[in-house]
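Trainee: What follows is the residue order along each chain.
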Amino acid sequence: MKKIFKFAMLFAATCMMTMGMTACSSDDDKNDTVDVTKEQNDAIEALTKQYLSDVVYPTYTSLANESESLFNKISALKSKLKAGTAVSQSEIDDICTSYKNARKYWEQSEAFLYGAASDFEIDPHIDTWPLDVPTLGEDLADDAKIARLDAADGIEYARTSLTAENLGFHGIEFIFFRDGKNRSAAFFNNDEKETDSDITAKGDVTGKEEVIFATAVAGDLRDKCFQLEVAWNTNASAAHKNRVAECAKSSDDFETKVSKNGLTYGENLMAVNGGNSTYNSWKKVVEEILVGGCSNICAEVADQKMGQAYRAATGTGDAEDDPNYIESPYSHNSFTDFYGNIMSIQNALYNNVEGTSATDSSVMSYLKKYNATEAATLQAKLTAALEALKACQNSGKSFVEAPGATCVKAAMDAISELDNELNEAADWILKH
Amino acid sequence: MFCMALTSCSESNELEVVDSVISTTGEEDYKYVGKETAGFKAEEWFPGGALGTTNNTVAGCYEDETPSTQNADLMAAFKRGELLFEHDFTPTSTASFAGLGPAYVRSSCIHCHPGYGHGKRMESYNADQRGNGYLLVIYHPVDGANSDDGPYISEVTGMPQTRAVSPFLPPVDESGIHLSWLPVMAMESGLPLQFPDGEQYELIYPELSIDIDAFNTDPKPENLAFRLESTIGIMGTGLLDAIPEDSIKAQYQHEAPYVELNPNFWDKDANDWAAGAWYTLADGTKKIKRFTYAMTRASLQDGAGANAVWNITNVSRSDRPYLYTTTAWAQAMSKNPDVIAAIKRDPSSPYYNDGTDEGIAEAVAVLLDPKTNQFDNPYHNFQPEMTDNNFWSFMVWHRGLAIPRARDLNDKQVQRGKQLFNEIGCASCHRAKWTTGPDDYWAPSPIVSNNLSLPRYPNQVIYPYTDMIHHRLYMKNGIHGSWCRTTPLWGRGLSRINTGAEDRLHDCRARNEIEAIMWHAYSKKSDAYRSTEKFFYLPKADRDAIVKFLQSI
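For the protein sequence lines, the chains are A and B, in the order given. Once you know that position 351 of the first sequence is 351 in our numbering, the rest is easy, because the numbers rise by one and skip nothing. Once you know that position 539 of the second sequence is 539 in our numbering, the rest is easy, because the numbers rise by one and skip nothing.
Some hints could be false.
[To be verified] Taking lysine-lysine and the DSSO-like style, the derived pairs with C-alpha atoms no more than 27 Å apart in a straight line are:
#	chain 1	residue 1	chain 2	residue 2
1	B	344	A	145
2	A	260	B	412
3	A	368	B	31
4	A	181	A	82
5	A	431	B	412
6	A	431	A	38
7	A	260	B	540
8	A	369	B	540
9	A	431	A	257
Calculated directly from the structure, the hints in this document are not laboratory data.
Can you build the whole structure from these sequences, using the hints too?
Mentor: See the structure below:
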């Protein structure tokens, strides 16, 4: 993160001046700074309402629905395999498509990881990498464990008994993707043996056993995505609320409310005027959206998700930069993940999902109205970051195949510049 | 230094104009940041000084690097350290995160420091649950069955482990741990659980027990008492490391005439350090203890974090060739038939030895023993699991964590809160202001021998709100050892936005600031009783002002 240090550094400069100082007229200050007006607060309240209704809620609803669909499809696959019924490649492909759709919605939610995803530790629960493949091998080769995962309470067993690295998206990814391709139906139909050396080192593992594992993990993923939706959106579907309530009976990590005030996270963001929010002003809400949300994911993508493997591949960082620290290595979906992350920033700035321009009530339009120059600069940095990632996607090689590619460095730099500009924009909005 | 009403027009009209009468109601703080306000110097907006403060005050601000880290061009190492802090270690996994176990407290640092903050109050002890930052404290009570005092048991480690890598069993089986929260029905001090204006408050405290059968040790321990300790926030600790020892000594001398200080730390008659205040670091350097609740560590680079990345996970490194285990656990494992049988089935096991039951038992007993050098022994020479460079990165990150700026110092209620905080005596122990020294920090061999540097904070005026001294509160089921370092209050008001919770005190028993304050008056013997009694008799508006002040610093 490259947060705003302007105040502190400016303050340091002031401290060093010990002699010959006199006060300027405070008019200077007044000329530079427009008081926060009711108009601005009203505008922020309106854009926050739309941010929730048109970005946060639909993104989490899509994620919840798609993760449910993914679970249902993998469950159906399990049933067929257990019954000895053949499955087609199109059925496997359908699961892979569903996985990637869910993945996209998740990545597009990462500009608002603050709140429920962080407070309830849902982010690390469903999206940790690298995978712990040796332990996955042990689990898959353990007949008793597979039987437990296949039992009626297999989802809860997965939630409480599997190592954290193997829960969530990437455990499922390993089972349905290899080398950037969907796995073949033959692997599952014929009950062929797994060939990954880390897995085979632990014993013989069949496709059916892997699908039993994936079903339980997908069920847990679905439940956690439901929790995200319910924790933000008071009007989430009753079915999803009921499922979360059911999970809460046996697990103590299914909270859905801001503990201080009992509100959903969406309600909490909107409760500024009533004084019941954990945010004490509308400007604080904008700071959260821009810095706590957008800037944080920028830094994560540039410095960690891309940076670790890039520096290892190019020898430009520490010797210990981890070449295996690559998200989505089995589906070769990394660049798409990163693109989704930056698109989530666009969505948060535009107040729509994958729109072509900002809606009238949005952070970007607010900025345009009050500081068109800053808005243009921010837009340029956003466009540049998305284009740089698009160039990576079109490079012909996935991130895991070429983590040291020139396009990777270009994207990292563009995303870092976007991060800086997000903080500049926040700084301006907050002080004017 | 921060002369009033000084600014310059000559260089830039952006410099702040000091206005010492700023006092607003319901107005946000952005345009006042860096300005003197009624009751606050301008510098108080930046509790970590210019080199140690982040201006970020929203989610994730506890994770920010200091300006000093950026200035020193240490960002790549900082990010690497961040990664090591946030990710799970596993027994084998990828190189950077391998080495977990054989017994461990948690699989990652962030398990106990959610959002880089204080642990959250929990209903059970669960080492898998992120945010559950509890450590078990198991000791032999003296002066009564449930005394706060007494030596740690030797059968398990000081921070007891409840997890182990297969085929070993954890030193303490979590299923035998029982935690309940009980209400205080009446304060020992006699203060009612209701303020004079009728507002009520509730206090709860943990009751912990562990079944003897849950101990996988040989021998099993006897005569036990139990406590919980939660983690505290880790931001800004580099700044505390930079406070000169002479300044801390002056604080002891200042307080000693008025309050009984820990005789193990302060010789009142000599008006000087007692022998127990000194800590001998790895290279023989002696420094005054200042870190952890019990003040057991003297340097951040040998402090809770530097140790935890080794002993919480049991990940070895070149300067830590020994396991964090006990002989009693090693003995129990060496005598466990299931453990022996499992190793016997795996000739590649480092504990295999000659493959006989006796040979395996011998290897297990030696290799799991805390006195065995893991890199140099007759049975199996392991390699350091964390590289020196990764440890350095971790310490860059640790020492590089910023303190968020203060909030709402322009607000009349906050200003009133500060005034009261001083008037009723809170600031006697929660000392606001310190000035760091040259910050010629101590560092261990992996950093020094490789000529690596860490972020520095020389000559910074900082506002941590701690006197860096032990005091006693005498709470029901209080802290082990009775003495507890005054907790720094800086940045704590941002706990909720960073972690989703804001529980306070050493075991998270306080669910809000009022409860935390009132626990200071549970007993009349408390060092803070008189101040808290004054708080108790304040009108509600003034109590609320103090709370608002605590949330703002």
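Trainee: All hints, please: hold or fail.
Mentor: Hint check:
Restraint check: the Cα-Cα separation between residue 344 (chain B) and residue 145 (chain A) comes to about 22 Å, which is no more than 27 Å; the hinted pair holds. Of the pairs offered as hints, the one joining residue 260 (chain A) and residue 412 (chain B) holds, with about 24 Å between alpha carbons and a cut-off of 27 Å not exceeded. Restraint check for residue 368 (chain A) and residue 31 (chain B): satisfied, since their Cα atoms lie roughly 21 Å apart, inside the 27 Å limit. Among the hinted pairs, residue 181 (chain A) with residue 82 (chain A) is consistent with the structure: their alpha-carbon atoms are about 24 Å apart, no more than 27 Å.
The suggested pairing of residue 431 (chain A) with residue 412 (chain B) holds, with an alpha-carbon distance near 20 Å, which does not exceed 27 Å. Between residue 431 (chain A) and residue 38 (chain A) the alpha-carbon distance is near 15 Å, which keeps this suggested pair within the 27 Å criterion. As the CA atoms of residue 260 (chain A) and residue 540 (chain B) are separated by approximately 20 Å, the hinted pair is consistent with the 27 Å bound. For the given pair, residue 369 (chain A) sits about 43 Å from residue 540 (chain B) by alpha-carbon distance, which is inconsistent with the 27 Å threshold.
For the suggested pair residue 431 (chain A) and residue 257 (chain A), the alpha carbons sit about 31 Å apart, so the restraint of at most 27 Å is broken.
Going down the numbered hints, you'll see the structure goes against 8 and 9, while the others check out.
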